[in-house]
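Let's have the full structure, built from the sequences with the hints guiding it.
Number of protein chains: 2
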Amino acid sequence: MHEKGLLIVLSGPSGVGKGTVRKEIFSQPNTAFQYSISMTTRAPREGEVDGIDYFFRKREEFEEMIEQGKLLEYAEFVGNYYGTPVDYVKETLERGKDVFLEIEVQGARQVREKFPDGLFIFLMPPSLTELKNRIVTRGTETDDVIQNRLQAAKEEIEMMNLYDYVVENDQVERACEKINAIVIAEHCRRERVESRYKKMLEVE
Amino acid sequence: MHEKGLLIVLSGPSGVGKGTVRKEIFSQPNTAFQYSISMTTRAPREGEVDGIDYFFRKREEFEEMIEQGKLLEYAEFVGNYYGTPVDYVKETLERGKDVFLEIEVQGARQVREKFPDGLFIFLMPPSLTELKNRIVTRGTETDDVIQNRLQAAKEEIEMMNLYDYVVENDQVERACEKINAIVIAEHCRRERVESRYKKMLEVE
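Taken in sequence, the protein lines are chains E and P. Residue numbering for the first sequence follows full-length UniProt numbering, starting at 1 and increasing by one per position. Residue numbering for the second sequence follows full-length UniProt numbering, starting at 1 and increasing by one per position.
It should be emphasised that the hints constitute simulated quantities derived from the structure, not laboratory data. A few of these clues could be false.
The list cannot tell twin chains apart, which means a pair is met if one copy fits it or any two copies do.
[Unchecked claim] List time: in silico DSS-like cross-link candidates among lysine-lysine, alpha-carbon distance up to 30 Å:
{"id": "1", "residue 1": "Lys199", "residue 2": "Lys23"}
{"id": "2", "residue 1": "Lys58", "residue 2": "Lys198"}
{"id": "3", "residue 1": "Lys4", "residue 2": "Lys199"}
{"id": "4", "residue 1": "Lys70", "residue 2": "Lys58"}
{"id": "5", "residue 1": "Lys58", "residue 2": "Lys4"}
{"id": "6", "residue 1": "Lys114", "residue 2": "Lys199"}
{"id": "7", "residue 1": "Lys198", "residue 2": "Lys70"}
{"id": "8", "residue 1": "Lys58", "residue 2": "Lys199"}
{"id": "9", "residue 1": "Lys97", "residue 2": "Lys199"}
{"id": "10", "residue 1": "Lys97", "residue 2": "Lys154"}
{"id": "11", "residue 1": "Lys4", "residue 2": "Lys154"}
{"id": "12", "residue 1": "Lys154", "residue 2": "Lys199"}
{"id": "13", "residue 1": "Lys154", "residue 2": "Lys198"}
{"id": "14", "residue 1": "Lys154", "residue 2": "Lys58"}
{"id": "15", "residue 1": "Lys70", "residue 2": "Lys114"}
Structure follows, in structure tokens:
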């Protein structure tokens with residue numbers, strides 16, 4: 001008997017550096033997560049390899065998968081589809097391996113509906129703390145700049161609602177350490193461990 | 001403005017190795033927790049220092065503290081009192097530092113009532129997994145031994161109920177790594193971060 005894997009979802013506002021953090025995590029030799037490769041209809045860029053960077057698919061194929069419910073989440077950006085094939089995620093979790101998704105905020109919302117006990121991590125721009133400092137010290141920014149950033153910060157805080165954890169992306173290495181710690185901790189959560197132990201004793 | 005510290009409570013069945021794990025954690029140079037020194041009426045043992053290993057107090061002094069509600073938790077073992085002075089814990093948390101308690105299961109129950117949002121970690125003997133293996137392989141133990149261990153295991157699982165996390169003490173270093181990860185993760189929990197961010201923006 002083995003424990004099922006955890007579904008780890010890293011998301012956050014666009015431009016926050018999700019891809020950089022994900023690459024750093026998967027560059028570490030001891031990473032125990034399985035990265036879930038996304039599917040897209042956009043053309044491969046220089047150096048991108050099918051089945052490594054993305055599954056590159058034709059638009060018709062992608063739409064067929066949508067119709068057949070074979071995508072855990074998907075979205076369209078500037079005329080191209082991006083999505084996560086669900087079968088691969090489910091099979092990997094069943095094998096007891098943690099699966100790591102790095103997706104947009106809309107996608108994370110779709111995943112939450114299908115995997116409510118996934119582990120949802122919100123990557124936060126570090127600028128909120130900086131913003132606070134600027135407001136306190138004053139005079140260094142125009143009121144407009146501050147007002148715009150304040151508005152953006154409020155929207156970011158609203159987005160957090162769906163998530164279990166918030167990691168500030170002040171330094172990539174620190175953010176990765178925190179994400180690794182969160183996964184270790186989640187594997188120790190009493191609810192998960194208790195039910196596993198109880199099952200063990202049922203053998204009697 | 002700073003975040004309040006976390007109250008970390010390490011407990012578990014007697015003999016599980018709580019003291020060993022606690023000592024290992026505090027032997028690490030980068031430990032950011034503050035260890036809460038217990039108070040006791042027992043005599044110092046060879047090499048023990050007042051204010052480092054314990055606060056050594058007379059029975060009357062201890063009972064006066066109980067009456068005045070100055071103990072976060074206390075218990076009596078073989079004729080001696082052991083307890084945690086509450087003022088030190090509260091002051092340290094207010095200063096934004098995490099406080100680490102290593103206490104018996106009865107004490108942890110008392111602390112949970114007073115600090116419901118503390119971080120409660122149950123240190124679990126590794127023998128449950130071993131036990132399972134023995135039952136599966138059979139023949140290596142008498143039925144009595146297995147029955148006694150099964151009973152103990154069931155009681156340990158019952159005890160877990162109060163706790164947020166369960167850490168198996170299979171190896172001291174691994175247990176410490178998990179405890180450190182749990183504390184890092186808890187500092188990233190959305191509920192904690194969100195309210196801090198919201199307060200930041202109230203400055204406006």
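Between copies, within a copy, both or neither: which fits Lys58 and Lys199 at Cα up to 30 Å?
This pair counts as neither: shortest intra-copy Cα distance 45 Å, inter-copy 48 Å.
Status of Lys199 relative to Lys4 across identical chains (alpha carbons, at most 30 Å)
within (13 Å within a copy, 38 Å between copies)
Should Lys4 paired with Lys154 be assigned to within, between, both, or neither, using CA atoms and 30 Å as the limit?
between (36 Å within a copy, 23 Å between copies)
At 30 Å max between alpha carbons, let me know whether Lys154 reaches Lys199 within a copy, between copies, both or neither.
between (44 Å within a copy, 11 Å between copies)
Quick one: Lys198 to Lys70, C-alpha cut-off 30 Å, is that within a copy, between copies, both, or neither?
neither (34 Å within a copy, 38 Å between copies)
From the Cα coordinates, with 30 Å as the cut-off, is the pair Lys97 and Lys199 best called within, between, both, or neither?
within (19 Å within a copy, 38 Å between copies)
Checking an output row: Lys97 and Lys154, CA cutoff 30 Å. Within, between, both or neither?
This pair counts as between: shortest inter-copy Cα distance 28 Å, intra-copy 36 Å.
Given identical chains, is Lys70 near Lys58, meaning Cα to Cα at most 30 Å, within a copy, between copies, both, or neither?
Intra 15 Å, inter 70 Å, cutoff 30 Å: intra-copy only.
Quick one: Lys199 to Lys23, C-alpha cut-off 30 Å, is that within a copy, between copies, both, or neither?
neither (37 Å within a copy, 33 Å between copies)
What label fits Lys154 with Lys198 when the C-alpha limit is 30 Å: within, between, both, or neither?
So Lys154 and Lys198 pass the 30 Å test across copies only (8 Å; inside, 43 Å).
One pair to classify: Lys58 and Lys4, alpha carbons no more than 30 Å apart. Within, between, both, or neither?
neither (33 Å within a copy, 53 Å between copies)
Between Lys70 and Lys114, at a C-alpha cutoff of 30 Å, which is it: within one copy, between copies, both, or neither?
Intra 12 Å, inter 49 Å, cutoff 30 Å: intra-copy only.
In summary, the structure is inconsistent with hints 1, 2, 5, 7, 8 and 14 from the numbered list given earlier, while agreeing with the others.
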